[in-house]
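Make the full structure from the sequences, and use the hints.
Order-wise, the sequence lines are chains A and B.
Take 1 as the starting number for the first sequence in my numbering and just add one per residue.
Take 515 as the starting number for the second sequence in my numbering and just add one per residue.
Heads up, none of these hints are tricks.
No farther apart than 25 Å at their CA atoms in a straight line, the calculated lysine to any residue pairs in the SDA-like style are these:
| no. | chain 1 | residue 1 | chain 2 | residue 2 |
| --- | --- | --- | --- | --- |
| 1 | A | Lys37 | B | Arg565 |
| 2 | A | Lys45 | B | Arg565 |
| 3 | A | Lys45 | B | Thr736 |
| 4 | A | Lys215 | B | Ala647 |
| 5 | A | Lys45 | A | Leu383 |
| 6 | A | Lys45 | B | Ala547 |
| 7 | A | Lys215 | B | Ala643 |
| 8 | A | Lys369 | B | Arg526 |
| 9 | A | Lys37 | B | Arg727 |
| 10 | A | Lys37 | B | Glu724 |
| 11 | A | Lys45 | B | Glu559 |
| 12 | A | Lys45 | B | Arg562 |
| 13 | A | Lys369 | B | Asn523 |
| 14 | A | Lys446 | A | Ile465 |
| 15 | A | Lys215 | B | Pro638 |
| 16 | A | Lys215 | B | Thr641 |
| 17 | A | Lys37 | A | Glu175 |
| 18 | A | Lys369 | B | Thr530 |
| 19 | A | Lys45 | B | Ala545 |
| 20 | A | Lys45 | B | Arg735 |
| 21 | A | Lys369 | B | Arg524 |
| 22 | A | Lys45 | B | Glu724 |
| 23 | A | Lys215 | B | Ile642 |
| 24 | A | Lys45 | B | Val549 |
| 25 | A | Lys37 | A | Gly385 |
| 26 | A | Lys45 | B | Arg727 |
| 27 | A | Lys369 | B | Val520 |
| 28 | A | Lys369 | B | Leu529 |
| 29 | A | Lys45 | B | His548 |
| 30 | A | Lys215 | B | Ala636 |
| 31 | A | Lys215 | B | Gly615 |
| 32 | A | Lys215 | A | Glu183 |
| 33 | A | Lys369 | B | Arg527 |
| 34 | A | Lys215 | B | His639 |
| 35 | A | Lys215 | B | Glu644 |
| 36 | A | Lys45 | B | Val568 |
| 37 | A | Lys369 | B | Asp531 |
| 38 | A | Lys215 | B | Asp646 |
| 39 | A | Lys45 | B | Leu556 |
| 40 | A | Lys45 | B | Val567 |
The set of hints was computed from the structure by calculation and includes no laboratory data.
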Amino acid sequence: MSKAVPPTGATFVGMPPFPRAARDAVGDAQLRHNLRKATHTIRDKRAVVVDELADWAELRAAGAAIKDRTLRRLDEHLLAVEAAVTSAGGTVHWAADAAEANRIVADLVRATGETEVVKVKSMVTQEIGLNEALAAEGIRAYETDLAELIVQLGEDLPSHILVPAIHRNRAEIREIFVREMGEWGVPAPAGLTDEPAALAEAARRHLRERFLSAKVAVSGANFVVAETGTLVVVESEGNGRMCLTLPETLISVVGIEKVVPTWADLEVFLQLLPRSSTGERMNPYTSMWTGVTPGDGPQDFHLVLLDNGRTDVLADRTGRQALRCIRCSACLNVCPVYERTGGHAYGSVYPGPIGAILVPQLGGVATGKVDAQTASLPYASSLCGACYEVCPVAIDIPEVLVHLREQVVEGGGHRAEKAAMRAAEWVLDDPGRLRRVQRLAARSRKLIPKRAPGPGAAWTDSRSIPAVPAESFRDWWVRERSGPADTAQAGVRPTGSAPAAAVVEARESEGEGR
Amino acid sequence: MSSREVILNRVRRALTDVPRDEVFPVPRDYARAHVVEGVLELFAEHLRDYRAVVHEVAESELADAIAEAVVRRGARRVVTPAGLPPAWTAGLAAATCVPDGWVYGPIDDLSDDPTNNRPKPAAPHLTIAELDAADGVLTGAAVGIAETGTIVLDAGPGQGRRALTLVPDWHLCVVRAEHVVASVPQALERLVPGRPLTWISGPSATSDIELDRVEGVHGPRTLEVLIVRRPPVV
Chain A
1 MSKAVPPTGA
11 TFVGMPPFPR
21 AARDAVGDAQ
31 LRHNLRKATH
41 TIRDKRAVVV
51 DELADWAELR
61 AAGAAIKDRT
71 LRRLDEHLLA
81 VEAAVTSAGG
91 TVHWAADAAE
101 ANRIVADLVR
111 ATGETEVVKV
121 KSMVTQEIGL
131 NEALAAEGIR
141 AYETDLAELI
151 VQLGEDLPSH
161 ILVPAIHRNR
171 AEIREIFVRE
181 MGEWGVPAPA
191 GLTDEPAALA
201 EAARRHLRER
211 FLSAKVAVSG
221 ANFVVAETGT
231 LVVVESEGNG
241 RMCLTLPETL
251 ISVVGIEKVV
261 PTWADLEVFL
271 QLLPRSSTGE
281 RMNPYTSMWT
291 GVTPGDGPQD
301 FHLVLLDNGR
311 TDVLADRTGR
321 QALRCIRCSA
331 CLNVCPVYER
341 TGGHAYGSVY
351 PGPIGAILVP
361 QLGGVATGKV
371 DAQTASLPYA
381 SSLCGACYEV
391 CPVAIDIPEV
401 LVHLREQVVE
411 GGGHRAEKAA
421 MRAAEWVLDD
431 PGRLRRVQRL
441 AARSRKLIPK
451 RAPGPGAAWT
461 DSRSIPAVPA
471 ESFRDWWVRE
481 RSGPADTAQA
491 GVRPTGSAPA
501 AAVVEARESE
511 GEGR
Chain B
515 MSSREVILNR
525 VRRALTDVPR
535 DEVFPVPRDY
545 ARAHVVEGVL
555 ELFAEHLRDY
565 RAVVHEVAES
575 ELADAIAEAV
585 VRRGARRVVT
595 PAGLPPAWTA
605 GLAAATCVPD
615 GWVYGPIDDL
625 SDDPTNNRPK
635 PAAPHLTIAE
645 LDAADGVLTG
655 AAVGIAETGT
665 IVLDAGPGQG
675 RRALTLVPDW
685 HLCVVRAEHV
695 VASVPQALER
705 LVPGRPLTWI
715 SGPSATSDIE
725 LDRVEGVHGP
735 RTLEVLIVRR
745 PPVV
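Okay, structure coming up:
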């Protein structure tokens, strides 16, 4: 089991690059079984409810266009959000990066005098490593989503955007609850079985008192409506409602790309998101709130608008479409790579196809700033395109993956590959050179090892070095088809082949002098 | 420079390829609704799909239906938000009703308050512990959505604060036929942004354990809906 490590940017510290992590993951039979069952269940549910809407293609086109239009005027919409939230009694903060967002939240919590916060499941607070930053300030953050609770109690890392504990089966979850719940609060009931209903009941009991006594909550948001200042959180369990309604102070950390301009725009996304995400016509609970409502819900509301690399993504004309993402996770569930490796192999907060394009961009791949692990993510794909097909906002993930691979190669991260490509170009560019290299290889074929040496060894981990033939095709052709040449054994000479052989020889001669 | 300026400047720098007078089209040729007929039946069917308990009643049967539901549930203390029509609780013992005084202005009273952001805090204001001690809550609803099996509460009269429908374990919700629309777009047209809104589709649920759906986690574990049929046209 991997120990939770606070992320810096959107990747977890110390995680190996994707190929190594993936190799370990695909060797774990239990994990592969859990993942296959889960991804197939959810992708089938999605397909059924998407088919219910005959205008799905039109909704998808509208969703993509609304997001694009918003992003192309993002500064104006952000100012509108600020004005609307402020006039509704909320306070707006701006955070340029993770450290600043964490500082703002920690200061706000400290100002209340509290040392505990309850949390609604939120990808962005994972991205900035909020729980760890709060812990360093002596503030304990309690995750309240069932799956996040499983991850937190198990000192584990999330492996899916929607169902972060997708890699765990019921027996493992029961074991974690029995072992850890008592350490954190109300212990697991005696005789707890591994029935999902019993496990959910244990979570209810474990968290009930905490909800009813919490003074400060931290959330993200699925959407922020610019014209009204309304925040929207979609959820299933009611833990979101508990956190958004009962505490006195609410702090919502929201990425700047979550803005939609108008109230009416929600009519598109509230159809696209639940059907794409959980495969339901509508998720059990959606909360919408605007600033502060006297007498109802938190009377102290703070919105933290977060950049943390999003403006770098926005600056990339191909890559900026990743900011349309509404975090539904449909792309994870259909991805043949994700299905086999799971989310941990990506080593990042956002796993799967969307993570493979979002994480490197948030980390600054365009400027060559990213580490080897992040640089490996655009390669965690077969480019099959299933992710694009299901994306409710039509993000062309394969297009962005290829674009990012170019940036990784240009970024100097792959010096050996570039040197190899330059050498290949030198050889292949010149027929005479190629012929001499091929003959050299044929003569020394017994010396070529099964595994490549040095940094090339990784390539042969799952492949064999192709056998070098005793004779190159060109030499064979000349020998077989053009009579006496290098070797004396002239076979039957088919009519009309001499000119062809002559052409080969002539071209090779022409090439010699270059 | 403040982070506000830093972020706004970064955004503007990132968008130098976008003409400031650009008109970016959004195609809105999706359907306003997917069904026209049988909206009420579909509403009931989709509520049941997500494990809500559903009854369809005539206006004249409503008080009895509420009283029967309370008895069936064995509920002794039922939270009643301000603005609940008195007729609804006519069949209940006074001791059963636990009133909460908080009320938001009615939606149609926008004369002096264009945003309608005018909640009226009033006694009694139930504490969280009092809500936790109640067996259930009885409310109306602002909108029902047939295509998704959703009920929307907007804190209006008879719906109350959000906590009222969250802490008690049983939610008995009355939805009038005239409040039921076909689709999400139609629902948003009827709702007033600015009010605290709760969209409810069945009881709370989780699929976090092996994608097995379990109903009843933190919100009310039982959602019971009384759909009040339209009076017959004479």
